[in-house]
Amino acid sequence: MSFVKIITILLVLGLAGCQDNLLPSDSDERPTVVTGILGNQVGQIAPDFTLESTLNTFHTLSSEYSTHDGVVLYFTMWCPVCDSHMSHMRSTYIANYPNVQFLIIDYVTGSVTNARSAQVSGGYSGLTVLADINQTAMNLYDGTMGTTIVIDSLGIVQMNQDYSDGSKLGQVLSALP
Amino acid sequence: MNKKALNTALLVGAIFALPQTLYAASCCGGGSASSLVLPKFSNGMVDISIDRESYNGFWNKDGDYVEDPPDSELTQWRVNVGYAHRLSERWQVSATLPYVWNDSQYSGISSRTDGIGDAAVSVWYEAFDAIKCVWKVRRASDLIPAAYFGATVTLPTGISPYDDVENSFDVTGRGFYRLDANLLLDKTIYPWNGTLALSYGKYMERPVNQEYGKYVEPYDKKLGDRKLVTLSGGYSQFLENMDSLTYTLAYAYLKEEQGTLNGRSDPTTGIQKDSLSATIAYSTMDRNWIVKMSFNHTIKEDGYGENFPATDTITMGVSHVFR
Chain A
8 MSFVKIITIL LVLGLAGCQD NLLPSDSDER PTVVTGILGN QVGQIAPDFT LESTLNTFHT
68 LSSEYSTHDG VVLYFTMWCP VCDSHMSHMR STYIANYPNV QFLIIDYVTG SVTNARSAQV
128 SGGYSGLTVL ADINQTAMNL YDGTMGTTIV IDSLGIVQMN QDYSDGSKLG QVLSALP
Chain B
2 MNKKALNTAL LVGAIFALPQ TLYAASCCGG GSASSLVLPK FSNGMVDISI DRESYNGFWN
62 KDGDYVEDPP DSELTQWRVN VGYAHRLSER WQVSATLPYV WNDSQYSGIS SRTDGIGDAA
122 VSVWYEAFDA IKCVWKVRRA SDLIPAAYFG ATVTLPTGIS PYDDVENSFD VTGRGFYRLD
182 ANLLLDKTIY PWNGTLALSY GKYMERPVNQ EYGKYVEPYD KKLGDRKLVT LSGGYSQFLE
242 NMDSLTYTLA YAYLKEEQGT LNGRSDPTTG IQKDSLSATI AYSTMDRNWI VKMSFNHTIK
302 EDGYGENFPA TDTITMGVSH VFR
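If you read the protein sequences in the order shown, they are chains A and B. To convert, count from 1 in the first sequence and add 7; that's my numbering. To convert, count from 1 in the second sequence and add 1; that's my numbering.
Worth double-checking, as some hints may not be accurate.
As a list, the in silico BS3-like pairs of lysine-lysine whose alpha-carbon atoms are at most 30 Å apart [as the list claims (entries may be wrong)]:
#  : chain 1 : residue 1 : chain 2 : residue 2
1  : B       : 228       : B       : 203
2  : B       : 228       : B       : 137
3  : B       : 301       : A       : 175
4  : B       : 203       : A       : 175
5  : B       : 256       : B       : 228
6  : B       : 203       : B       : 223
7  : B       : 203       : B       : 301
8  : B       : 223       : A       : 175
9  : B       : 223       : B       : 256
10 : A       : 175       : B       : 215
11 : B       : 137       : B       : 203
12 : B       : 215       : B       : 203
To be clear, the hints were calculated from the coordinates, so they are not data collected in a lab. All values reported here derive from a predicted model rather than from experimental measurement.
So here's chain A without its partners, still in its complex pose (with noise of 0.2 Å):
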C-alpha cells in the first residue's frame, strides 16, 4: 500500500469522526433557558436535596442557601483535574468567602466511608464533603467531573458550568448580594 493511500485513509476515518476537534466552532449553542422555574441553569429556582456529609452529618441544600450568602457545590471525582480546581478553589475563594458555603459533592465512590477516605488521602479534610451515593444531587444538577454550581441566598442559580481556571466563580461570587 501506497504511503498517500495510509495518508489518505488516516485523512478520512478522522474527518469522518472528528470535525468538532479538526475544524472546532466558536459560535454560541447554548438552549434558551426559562428562568423562574424549578431547575439547573442560570436564574432558575434551584432543587433541593438533602445528603450525608464525611462527617455524617446532613446537610440541606435550602438550609444551607438560606443561612449563608450563598452556596457553591462542586462535583469531584478525585482525579487530578479535580484537585487542581479544588486547591485552586480553596486558596482563592474559600477563605475569602467564609459567608459562602462550599459543599464538594463525591458523586463517585458510592459510600460515606470510600468518600471520606478519598477526602483524607487528597488531602482536603478540612472541606465538607457530600457522599452523593445515590447521584442525586449529579442527576438534579446534571453535574459531571470539575461541574460548579453557584446558588444565592434566594435559591437561584447563578452559575453551571465547569470550574475552568475558576474566573467565572471569582465573579459570580463577587456579584452575589
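Once you've looked at the hints, dock chain B against the given chain A.
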C-alpha cells in the same frame, strides 16, 4: 453508581494519555530509538504495537502523590499503527494513528469505551549519509552520532472533552493541534547504544463552545508549551545465528506549561512527569523484523510528577522494514 460516572474516571486518563509508542529502529536498524524513524538505506517501515496502561493514583499540583479512590481500577488499551516512508536519501515522513479502548472497573461495575486517538504526521531530515554505527572507535569521527531533525504535527482526530458526544466521557484525544520540533541523536558503538531525543511542542489556540457535552459560553483555549526529553542506553547481544537482542533502559522527562483561557493564564493546568522504561527488542539478522516489549514505569512518590496520573504501561510491538 452509573456508567456515566465510571466513564468519567477514564476521561482523566484519556486526556493526559501521551502514548510512548514503541517504535523501531536506530539508524542501523535493530531497534533502539524511541521515534518512528527509518533505518538508513530502507524504503519503508510498518510498525504495530499494543499498549496496556494501568492507572494508579496521580500527582497533584504540588507534586504530592495521591492514591486513587478505593476499589478503582482504570486501564487504557491502545493499538498504535505507524508507517514511515523514505522520500529521498535524507528525508523521510511517517504517520501514526492509535485506537483507544478505555476499560474500567469501579466498585464492581464495568465500563468500556473506545475510539480513534490523536493522529500524528512527522517529517525527518537525516543529517548524515553513512551509517554511524561502529564496532570500534578508530578515529574521532567514529564518535559522531546519527542526527535527525524532525517536525511532528499532532491532529485532534481523537474524541476530546470538546466534542459533541452522547455521554461526553468517551475521550480518546486532547482536542488540539500541536506542532513539535524534534531532535534525535543516536549513537551505536557495538554492543552499546545511546540516544537523546528532544522535543518542543506548541499547541494551537482553538475556540471551545462545549465541554463534556454541555454547551458553554464560547471562549478560546490553548494548552501550554510541551517539552519532552528522553535519554536511553542499550546493549545488544548477538545470537549464534546473528539475530540480536537489544536491552534498553530509558528515562523521560515531560513538562507542559500552564495553558491559557481567552489569553489569561490558567492556573489549574500544566503537567509534569518523570518516567523510566525498560525495553527488550529481538531483531532478525537482516534487521527487517523487530519484535519489542517494553515496560514504562512511574515512581509513585512525591516529586515525580505534577497534575498528572501515575501509570505503568506494558507495550508489545512489531516492526517490518522494507528495503
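Hints and how they fare:
Taken as a hint, the residue 228 of chain B and residue 203 of chain B pair is honoured in the structure, with Cα atoms around 9 Å apart against an allowance of 30 Å. Proximity of residue 228 of chain B to residue 137 of chain B is assessed by CA-CA distance (about 34 Å); at most 30 Å being required, the pair is judged violated. For the hint linking residue 301 of chain B to residue 175 of chain A, the alpha-carbon distance of about 34 Å lies beyond 30 Å, and the restraint is violated. A C-alpha spacing of about 26 Å is found between residue 203 of chain B and residue 175 of chain A, which places the hinted pair at or below 30 Å, so the restraint holds.
The straight-line distance between the Cα atoms of residue 256 of chain B and residue 228 of chain B is roughly 5 Å, inside the 30 Å bound, and the hint therefore holds. Among the hinted pairs, residue 203 of chain B with residue 223 of chain B is consistent with the structure: their alpha-carbon atoms are about 9 Å apart, no more than 30 Å. Straight-line distance between C-alpha atoms of residue 203 of chain B and residue 301 of chain B comes to about 28 Å, which keeps the hinted pair within the 30 Å bound. Taken as a hint, the residue 223 of chain B and residue 175 of chain A pair is honoured in the structure, with Cα atoms around 17 Å apart against an allowance of 30 Å.
Our distance criterion of 30 Å between C-alpha atoms is met by residue 223 of chain B and residue 256 of chain B, whose separation comes to about 15 Å. As the CA atoms of residue 175 of chain A and residue 215 of chain B are separated by approximately 16 Å, the hinted pair is consistent with the 30 Å bound. Proposed proximity of residue 137 of chain B and residue 203 of chain B is contradicted: the alpha carbons are some 40 Å apart, above 30 Å. Restraint check for residue 215 of chain B and residue 203 of chain B: the C-alpha separation of about 27 Å stays at or below 30 Å, so the hint holds.
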